[in-house]
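The chain contents come next:
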Amino acid sequence: MSQYLSGAFGLAWRVVWKILRNPALLAPQLIFPLFFFTAFAGGLSRVQTVDGFNFPPGYTAFQFVFVLLQSAAFGGVFTGFGIASDFEYGFTRRLFIAVPHRSAIVVGYGIAAVGRWAMTATLLTVVALVARMDVIGGPVDLIRLYTLALLVNITALFWACGIAMRFRSLQAGPVMQLPVFLILFLAPVYVPLSLLHGWLHTVASVNPVTQLLETGRDLIAGEPAPAGTTFGLALLLGAAFCAWAFRGLRRAEAAG
Amino acid sequence: MITSPTVNQVGSLAWRSIVRQARQPAHVIPPLLFPLALLAVNSGGLHAATSLPGFPTKSFVAFALAVPFIQGALFATLNGGADLARDIQTGFLNRLALTPMRSSAVIAGHLAGVVAQGIFQTTFYLVVGLAIGVGIHAGIGGGLVILVLAALVCLGFGAFGTFVALQTGSGEATQATFPIFFVFLFISSMNMPRNLLGHTWFRIAATINPVSYLIEGFRSLVIQGWNFEALGLAFGVAIGFAVVAITLSSLAMKRRMTRT
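Protein chains in written order, with this note's numbering: chain A, 1 to 256; chain B, 257 to 516.
Keep in mind the hints are simulated off the structure, nothing from the lab.
Among the hints, erroneous ones may be present.
Stated by the list, open to error - According to the in silico footprint, chain B covers these stretches of chain A (three or more CB under 8 Å from chain B):
1. 33-41
2. 51-60
3. 182-189
4. 195-205
On a predicted model such as this, the values are computed, not experimentally measured, just so you know.
Every residue, glycine too, gets a C-beta built ideally from N, C-alpha and C.
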C-alpha cells in the first residue's frame with residue numbers, strides 16, 4: 001500500500017512541480033478563470049436588473065460559482081493534456097514498468113489535478129473577496145460548494161484521462177477540451193434557467209451542469225439547495241468517468 | 257512603383273497561402289464554427305438583456321453578430337501567423353531569401369492569404385446571420401462595407417501575427433498571442449453596449465479598448481443603418497492598427513532577412 005501511495009503521490013508531485021516551474025503552463029490555468037470572472041462579472045453586471053433575475057448576493061457571486069466550476073473542470077482537462085504529453089515523450093510507458101499497480105497512475109494524475117485546481121480556486125476566491133463579492137451562505141454551504149467543485153474537477157480529470165489514454169497524443173487536446181467547454185456553456189451561465197430563451201433553455205434544462213450550477217448558486221446564496229440530488233448526480237458522473245478512465249488505462253496497457 | 261514581377265510574386269505567395277489554409281481542415285472548420293457556436297450560446301443566454309432600458313435592439317443575435325467578424329479575423333491571423341512561423345522553422349523563408357523575391361512581396365503575399373480567408377469567413381457569418389433572420393439595416397451596401405471593414409481588420413491583425421511570427425520564428429509563440437487578443441475582445445462592448453456596462457472601471461476599459469470601436473462599427477451597420485460616427489471610428493482604428501502592424505512586420509522582416 002505504501003508503495004502504491006508513494007507512486008501516486010510521486011507522480012502527482014512531478015506534475016505539480018512541472019507546472020510550478022513552467023510559467024507557460026501555470027499562467028493559463030491561473031489567468032483564464034480570473035479573466036472570465038472579470039469579463040462576466042464586470043461586463044454583464046447590468047443583467048441582474050432584468051425582470052425575473054433574483055439572486056440576493058448579486059451578479060459577482062452569481063458568476064463566481066460558474067467560474068469556480070469552470071476552473072475545476074479545466075483543471076482536470078489541463079491535467080489530461082499533461083497525460084497526453086507524457087505519453088508522447090514516452091514517460092508514461094516507463095511509468096507502467098515502474099509502479100507496483102498501474103491504477104496508481106490514474107490516482108496520481110487525479111491528485112495532481114486537485115492540487116493544481118486548488119491553486120486556481122484559492123486565487124479566484126481571494127480575487128472575488130477583494131472585489132467585495134457577497135456571500136450569504138454559511139461555512140457548511142461553502143464547504144459543500146467547494147466539494148461540489150472538487151467533484152467536477154475529478155470528473156473532468158477522469159474524462160480527459162480516458163481520452164489521453166486512448167489517443168496517447170496531444171493532438172487529442174481539442175477532443176478533451178471542446179465537449180467540456182460546450183457542456184459548460186450550454187448551462188445557465190449568464191442568467192438563471194428561467195430567463196434562458198429558446199433552444200438554449202431546452203438544452204440547459206437537460207444538461208447536468210445546470211443542476212450543479214444552480215445548486216452551487218443556491219449554496220452561495222444560503223438558500224435551500226437540493227444538495228442530495230446534486231451530489232448524487234456528481235458522484236454518478238464521477239463514477240461513470242472513473243470507469244471510462246480505467247478502461248482507457250487498460251487500452252493503453254494493451255497498446256504497450 | 258509596383259512592377260509586374262512583384263505582382264506575380266505577391267500573387268504566387270497569396271495563392272500558396274490560400275491553398276495551404278484550405279488544405280488544413282483544422283484551419284478552416286473551427287474558425288467557421290467556433291464563433292457561430294459562441295454566438296448561438298451567447299444569444300440564447302443573454303437574450304434577456306434586450307429587455308434592459310436603452311438596449312439598442314430586440315434581437316441579441318443581431319447585436320452580437322458583429323463579434324464573429326472579429327473572432328474570424330483572430331483565427332485567420334493566428335493560422336496565418338503559425339504558417340509563416342512554420343515557413344521560418346522549416347527553412348522555407350531562408351530559401352525564399354536566396355531568390356530575387358522582395359521581402360515586401362513576401363509580407364504582401366502572406367497577408368493577402370490572411371485577408372482572403374477573413375473575407376470568406378465574414379461572408380459565411382453574414383450568410384448564416386441572414387439565414388437565421390438577422391437583417392442588415394444598412395442594406396446591401398452595408399453588407400459590402402462589412403466585408404471591406406473585415407478585410408481591413410484582417411489586414412491589421414494579420415500583420416500583427418506576421419510581426420510576431422517573424423520576431424519569434426515560433427508557431428507556439430504565435431499561437432500564444434491568442435489569449436491576448438481574446439482579453440481585448442472580452443473586455444470590450446462585445447456583449448453589452450458601453451452605456452449599459454454596470455461597473456465604471458469596465459466601462460473605462462471598454463472605452464479605451466480599440467476593439468470596442470471595431471465591434472461597434474460592424475454592429476452599427478447591422479442594427480442601426482448608416483452611423484457615420486461609429487463607422488469613422490471603426491475604419492480609423494482598423495486603418496491605424498494596420499499601418500502600425502505592417503510597419504512593425506516590415507521591420508521584423510528586414511531583421512529576419514539580415515539574420516539569414
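Evaluation of the provided hints:
no. : hint    : verdict
1   : 33-41   : holds (count 4)
2   : 51-60   : holds (count 4)
3   : 182-189 : holds (count 5)
4   : 195-205 : holds (count 7)
The structure meets every hint from the earlier list without exception.
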